[in-house]
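In UniProt numbering, the protein residues as written are 1 to 178.
Careful, some of the hints might be misleading.
Result set (DMTMM-like, lysine to aspartate or glutamate): computed pairs, CA atoms no more than 25 Å apart in a straight line [to be verified]:
no., residue 1, residue 2
1, Lys99, Glu89
2, Lys111, Glu125
3, Lys129, Glu141
4, Lys76, Glu87
5, Lys134, Glu120
6, Lys99, Glu87
7, Lys111, Glu130
8, Lys108, Glu87
9, Lys129, Glu113
10, Lys134, Glu123
11, Lys108, Glu120
12, Lys134, Glu113
13, Lys108, Glu123
14, Lys99, Asp85
15, Lys148, Asp159
Source of the hints: derived by calculation from the structure; they are not laboratory data.
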Amino acid sequence: MARQPWSNNGHRNSPSNSLDGGVPGPMPLVPFQEELAVGCEEIRRIAADNTLVLEDILGLRQELAVIEDEIHILAKQTIPRLRVDNEMEYRDIIQGGMKLEEQMHALKLIKEEVLVLSSEKMELEALCKELSVKVQSLYRELEQIENKQIPATREGLHDIQAEISRARFVFCDLMQVH
1 MARQPWSNNG
11 HRNSPSNSLD
21 GGVPGPMPLV
31 PFQEELAVGC
41 EEIRRIAADN
51 TLVLEDILGL
61 RQELAVIEDE
71 IHILAKQTIP
81 RLRVDNEMEY
91 RDIIQGGMKL
101 EEQMHALKLI
111 KEEVLVLSSE
121 KMELEALCKE
131 LSVKVQSLYR
141 ELEQIENKQI
151 PATREGLHDI
161 QAEISRARFV
171 FCDLMQVH
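Could you build all of it, start to finish, from the sequences and the hints given here?
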């Protein structure tokens, strides 16, 4: 607070006593002491506030230290665990990839075998058709041969039967003569 000049009657900013000729006299001690007391009280209040703020700061620093310790402990525990977990996941992924690669290789071999078997199947089907055509041709030839040979065979059988009949007749004649 800025100090104001005091008049002889003890009031601030009041006109000076006309008897003095307008020159202010010495300042009374009471208003100055009051101002000093107010200033001291304000300083005590600020000091008390500063003490409370300092206590809050010290308490927060202690809490911060505890929290930092907990963070360090958790970090020491969590980071290695995360690394182990990540390594296990990486191993699992790599092993899964290797298994997939093996399966792909096996499928490639199977695919090649299927292509070979498919080619062989097509060859066998072509051979089967060819053999079927040959069998049909043989059946036709056999039918033609049978058709030609049956009448000839029948004729031959008739001739044989006729020969047998003649031979019996001759035998019977011979038997009667003796």
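Structure-based check of each hint:
For the given pair, Lys99 sits about 15 Å from Glu89 by alpha-carbon distance, which is consistent with the 25 Å threshold. With a CA separation close to 20 Å, the supplied pair Lys111 and Glu125 stays within the 25 Å bound. At most 25 Å may separate the alpha-carbon atoms for a hinted pair to count; Lys129 and Glu141 meet this at roughly 18 Å. Between Lys76 and Glu87 the CA atoms are separated by roughly 17 Å; this keeps the pair inside 25 Å, and the hint holds.
Of the supplied pair hints, the one linking Lys134 and Glu120 holds, its CA atoms being roughly 21 Å apart against a limit of 25 Å. Among the hinted pairs, Lys99 with Glu87 is consistent with the structure: their alpha-carbon atoms are about 18 Å apart, no more than 25 Å. Note on Lys111 and Glu130: the hinted pairing is violated, with a Cα-Cα distance of about 28 Å set against a maximum of 25 Å. Taking the CA atoms of Lys108 and Glu87, the gap is about 31 Å. The hint is violated against a cut of 25 Å.
Of the supplied pair hints, the one linking Lys129 and Glu113 holds, its CA atoms being roughly 24 Å apart against a limit of 25 Å. Of the pairs offered as hints, the one joining Lys134 and Glu123 holds, with about 16 Å between alpha carbons and a cut-off of 25 Å not exceeded. Using a Cα cut-off of 25 Å, the hinted pair Lys108 and Glu120 holds, with the two alpha carbons roughly 18 Å apart. Restraint check for Lys134 and Glu113: the C-alpha separation of about 31 Å exceeds 25 Å, so the hint is violated.
A hinted pair counts as satisfied when its Cα atoms are at most 25 Å apart, and Lys108 with Glu123 qualifies at roughly 23 Å. Between Lys99 and Asp85 the alpha-carbon distance is near 21 Å, which keeps this suggested pair within the 25 Å criterion. Proximity of Lys148 to Asp159 is assessed by CA-CA distance (about 17 Å); at most 25 Å being required, the pair is judged to hold.
Violation of the numbered hints given earlier is confined to hints 7, 8 and 12; the remaining hints are satisfied by the structure.
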